[in-house]
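Enquirer: Here is how the chains run, residue by residue.
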Amino acid sequence: MDMQVNFGGLFLKNPVMTASGTFGFGLEFAPYGDLKRLGGIVAKGLSLKPREGNPMPRIAETPCGMLNAIGIQNPGVEHFVTKALPALPWKDVAVVANLYACDAEEFGELAGVLAGEEGVAALEVNVSCPNVKEGGIAFGQDPAQIGRVTEAVKKRAGNKHVMVKLSPNVTDIAVCARAAAEGGADSLSLINTLSGMAVDIRNRKPRIANVIAGLSGPAIKPVALRCVHQAVRAVDIPVVGIGGIASAEDALEFLLVGAQAVQVGTANFLRPDFAFGLADEMAALLETIGAASLDEFRGSLQLPL
Amino acid sequence: MSLRNCRNVKVLEVSPVGQSKTAGGFFELRLENPDWDGWKPGQFVMIRPASWELDMLWARPFSISSGDKASVSLLIQAVGRGTRRIAELRPGDTVAMWGPLGNSFAVEPDTPTLLLAGGIGIAPFRGYVEQHPHPENLALFLAHRLPLDCYPYELLSKTVSSRCMLEAKPSDLNCIIDTMRELIREYADKGGLVLSCGPTPFMRTVQRFAAEFGARAQVSLENRMACGVGACLGCVTKDGEGHHVQVCTRGPVFWADKVEL
Ligand SMILES: Cc1cc2nc3c(=O)[nH]c(=O)nc-3n(C[C@H](O)[C@H](O)[C@H](O)COP(=O)(O)OP(=O)(O)OC[C@H]3O[C@@H](n4cnc5c(N)ncnc54)[C@H](O)[C@@H]3O)c2cc1C
Ligand SMILES: Cc1cc2nc3c(=O)[nH]c(=O)nc-3n(C[C@H](O)[C@H](O)[C@H](O)COP(=O)(O)O)c2cc1C
Ligand code: FES
Numbered sequence: 001m002d003m004q005v006n007f008g009g010l011f012l013k014n015p016v017m018t019a020s021g022t023f024g025f026g027l028e029f030a031p032y033g034d035l036k037r038l039g040g041i042v043a044k045g046l047s048l049k050p051r052e053g054n055p056m057p058r059i060a061e062t063p064c065g066m067l068n069a070i071g072i073q074n075p076g077v078e079h080f081v082t083k084a085l086p087a088l089p090w091k092d093v094a095v096v097a098n099l100y101a102c103d104a105e106e107f108g109e110l111a112g113v114l115a116g117e118e119g120v121a122a123l124e125v126n127v128s129c130p131n132v133k134e135g136g137i138a139f140g141q142d143p144a145q146i147g148r149v150t151e152a153v154k155k156r157a158g159n160k161h162v163m164v165k166l167s168p169n170v171t172d173i174a175v176c177a178r179a180a181a182e183g184g185a186d187s188l189s190l191i192n193t194l195s196g197m198a199v200d201i202r203n204r205k206p207r208i209a210n211v212i213a214g215l216s217g218p219a220i221k222p223v224a225l226r227c228v229h230q231a232v233r234a235v236d237i238p239v240v241g242i243g244g245i246a247s248a249e250d251a252l253e254f255l256l257v258g259a260q261a262v263q264v265g266t267a268n269f270l271r272p273d274f275a276f277g278l279a280d281e282m283a284a285l286l287e288t289i290g291a292a293s294l295d296e297f298r299g300s301l302q303l304p305l
Numbered sequence: 001m002s003l004r005n006c007r008n009v010k011v012l013e014v015s016p017v018g019q020s021k022t023a024g025g026f027f028e029l030r031l032e033n034p035d036w037d038g039w040k041p042g043q044f045v046m047i048r049p050a051s052w053e054l055d056m057l058w059a060r061p062f063s064i065s066s067g068d069k070a071s072v073s074l075l076i077q078a079v080g081r082g083t084r085r086i087a088e089l090r091p092g093d094t095v096a097m098w099g100p101l102g103n104s105f106a107v108e109p110d111t112p113t114l115l116l117a118g119g120i121g122i123a124p125f126r127g128y129v130e131q132h133p134h135p136e137n138l139a140l141f142l143a144h145r146l147p148l149d150c151y152p153y154e155l156l157s158k159t160v161s162s163r164c165m166l167e168a169k170p171s172d173l174n175c176i177i178d179t180m181r182e183l184i185r186e187y188a189d190k191g192g193l194v195l196s197c198g199p200t201p202f203m204r205t206v207q208r209f210a211a212e213f214g215a216r217a218q219v220s221l222e223n224r225m226a227c228g229v230g231a232c233l234g235c236v237t238k239d240g241e242g243h244h245v246q247v248c249t250r251g252p253v254f255w256a257d258k259v260e261l
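Residue numbers (the UniProt record's numbering), protein chains in the order written: chain W, 1 to 305; chain S, 1 to 261.
If we strip away everything but chain S, and leave its shape as in the complex, we get (with noise of 0.2 Å):
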């Protein structure tokens, strides 16, 4: 099992993703020697920088995008307060960060498996097409809103056939709707896996569609969360049942037919 531990970490770089140097606050932040076992594609660590103080006081969580002993990388997209500052780090500076935490993308190396992303949810793929044993079977549509450029996805199409639309007004929307739902059939046909990771209506889009067409379907949510760990309660979804579950610690990744969005 991998350690769990809370370290204080230091940051290496902070990089802005793509060509664009004007990214739309996308970046990369890398961190010092996570000290871990390993991890998984789909887990991910929560990090709260020091200088933060007591201003704000719960850290922020982001999948694990890339990493080996030395270092951890991780795709981060200004939103808010938070990343904001996230993004005013600089090398050198510490932060607090515990993880892996979570579950994992399912891997069947033999299985055609699509990848869905939508924006920033392309993120744990890149570590996903990483550690795949055979990437030839792997496929990624990537659904954004901000220029390409802002977007690790050249990292990604020179490994896997990919597949990128734009949304830039309301009209885009349907198409790219419209797409999500013959790739999910055409996977669906084939007895494929697929993989998503997005906004919340995006996922809502891929489980609508899976259960449509009978696809084995996984869901990465990004639900609000304080500790990661299991504790506060506070990052809950409801699972098939009807119950509340952590998405911190029985996710954040589920089957789509398990979950309520």
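This is chain W alone, in the form it adopts within the complex (with noise of 0.2 Å):
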């Protein structure tokens, strides 16, 4: 089955991408699968300069999911093109930047920063950092903030696709999708972690220094395709689904809702081999539940009238 997918001038050999944070620039996984079996790589979340990140425990396993509090530990940007993307296979596989800063203009700087170089696909942009200047609260959280984030962002990026990365720690997923439409986001993908908590009776402590972390994996995804499907009824650019992805059968659900393509995060620490072969289970799949095409089943959920 043909599992080409091409939104908003990004194109995609299957619709199976690996998720910012859990595939670190992808190098790391080279040595279990081809990465030109990929659909695409979304790299480890970049910020201007490098970032120590959060201090220590900054994971912890829980009943099918994780929490994280890595804090956008990196590199930073410079590195990133010079040291990773010229290894990448960028030619053959849908090289994403995913972008962390903490206010609008840091964000444009970043994305100036990546629209020259060729080998970068996309630019997702990532909007939970709180923002400092406006009290503390995410961006992620304030549609206004949201669409001016976008703004600043599709401003400086040239050419490059501009998929936006939604938070489930909202009211209204709808609002936030609409806001980032609105500033010019050529696509949407959802959800990041949602906000989440583990504590230790025995020694009374959080089982996470920076206390508060983001819960990711397979108990996520009814919120996520909950989102997606919101999200893709709130506007009409494509949506991108991401949360607890971990078989061919979670991600036809996403498509089911409507999503263009998915993204694997937390699924890949299951074994790193795990996306690799996704792709063509989920064509498999497509076939054995007689599906005619991706695009006719993509979308086709049947809701109560």
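Calculated directly from the structure, the hints in this document are not laboratory data. Where hints are given, some of them may not hold.
Said to hold, decoys possible - In the DSSO-like style, the derived pairs of lysine-lysine whose C-alpha atoms are separated by at most 30 Å in a straight line are:
1. W:K205 to S:K238
2. W:K83 to S:K238
3. W:K83 to S:K258
4. S:K40 to W:K83
5. W:K49 to S:K238
6. W:K205 to S:K169
7. S:K40 to W:K205
Bring the two chains, given one by one in their own frames, into a single complex with the hints.
Expert: Encoded structure:
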């Protein structure tokens, strides 16, 4: 079955991308499969300057999920451009840079650095930094700011595809989706992690040094599906589904509700070769369930009248 | 370079360690044909039984204790949900395994080398002793909390000069620490090498005495891991310059003066 997808100028040879922060810069996984079998690789979050991230412990296992508070540890965008990008097979697989900043100008600057990089197929804008200027509320929770940040990135992104990654930690995801679309986003990706916490009754301490962390993995899939469902209906731009995908069946569920493609995150930790075979498994499963094509299947969810 | 692919391997055997059949949750897990070019003592594997499905997501890291082309052996202490369920595996069960991962302990064939093990920290030293070209230059010290016959101590004490101390009550700990201090001082004086593996407080003790006496010492860290391949940044520790580095790829073995514990 033809699994290619093409949306907003972004071409993927199949709908499977790897989610930011769960696949390193991609090269970490090269010993476990052929990177060229992926539709896309979303690199770990990049900031203008290197960041050391949060103190340890930063991860905890939870039922069917995990918590993380890595704090966007990364070597900075220059390092990515000069060291990682040239080593990636960007001619054969869409490499997406994931951007992290704490104000609109800084986001614009990051986009400016990457705009001229031939190997970067798209910019994914992570709007979950608490905005210090506006009193701590994350960009991702304020529709007005999502719009402003999207505009700032779009203005400096040259002809790069701009994907805005939404947080589920909001009252109305549809409002956030519309704000990004109005700001000029070429597509949306959702969801980022859910805000969560874990504690230890024996030593009476939080299990994560940062206390509050991001929940991911199969435990969040129902929330993710609901968010994608609502976003798809709120905007006309393409949507990429993320959250708890751990099988071909899970991935197809997101396409059924209308996602163009998916990103696989925590499942890369189940085993490092997980993402490589997923597109083939999806194709096989589509045939098994009698779908005529990917396009026929996508968004064909039958809702009660 | 060794292959590091991820494979589905079969369980060959799960057997209690030592003579004690009531062993305190210590067992040897033997897995079939890992298909490697080779491995070095101190390296580890990530394993995840297929039977976990989506119940527990992360694989678990274990030192490679012994092995050849036909099989690989891990010595495991059941301490929690994952290791208890690994103990329940039966021959023929399927386990996803990737490795060998990480760096390894220094091998200096002609240097007197002290192996300091805290409990199950003895696991990588079995391989170290087996692969060392001059085991007569090795000495082992094991600090343990459970009966000695729970550990693969006898296996090693046949080949290398060995000593062990039980920590049954708080005052025993002081004796253990004093002994470690003397041993590390001795190896510092004779220009030897000190290699250690055990829980973090044990590693801190080694680090402290190594600094005090100027001993060349390595510590193997057991940080919580999710991916094992350097991608998630969950397992980091601080290196000598205060930067976060991944224990899974930059370790698990560090020179004691180049890591913050
Ligand atoms: C490189 C490396 C090599 C290791 N080699 C061995 C080995 O050869 N044999 C062996 O028995 N164990 C080894 N460990 C430790 C082993 O990975 C943990 O004991 C195991 O992951 C615990 O899983 P669990 O689900 O049973 O514990 P959980 O249910 O997650 O936790 C139960 C208890 O175990 C402790 N624990 C959890 N994870 C770790 C950890 N990574 N290290 C130490 N304590 C932990 C927790 O603090 C908790 O008190 C190694 C760890 C690393 C990082
Ligand atoms: C360890 C870890 C690190 C992450 N780092 C980032 C990041 O840097 N930028 C980002 O936009 N999302 C980050 N995420 C969120 C994931 O990309 C993804 O949105 C989320 O985990 C949900 O998908 P999953 O359930 O498939 O993991 C991270 C997730 C994890 C588990
Ligand atoms: S366990 Fe993921 S980076 Fe080390």
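Enquirer: A separate judgement is required for each hint: does it hold in the structure or not?
Expert: To see whether the hints hold, each was checked on the structure:
For the hint pairing W:K205 with S:K238, the CA-to-CA distance comes to about 22 Å; that is within 30 Å, so the pair holds. Of the supplied pair hints, the one linking W:K83 and S:K238 holds, its CA atoms being roughly 22 Å apart against a limit of 30 Å. Taken as a hint, the W:K83 and S:K258 pair is honoured in the structure, with Cα atoms around 25 Å apart against an allowance of 30 Å. About 29 Å separates the Cα atoms of S:K40 and W:K83, which keeps this hinted pair within 30 Å; it holds.
Taking the CA atoms of W:K49 and S:K238, the gap is near 19 Å; set against the 30 Å cutoff, the hint holds. Restraint check for W:K205 and S:K169: the C-alpha separation of about 26 Å stays at or below 30 Å, so the hint holds. At most 30 Å may separate the alpha-carbon atoms for a hinted pair to count; S:K40 and W:K205 exceed this at roughly 37 Å.
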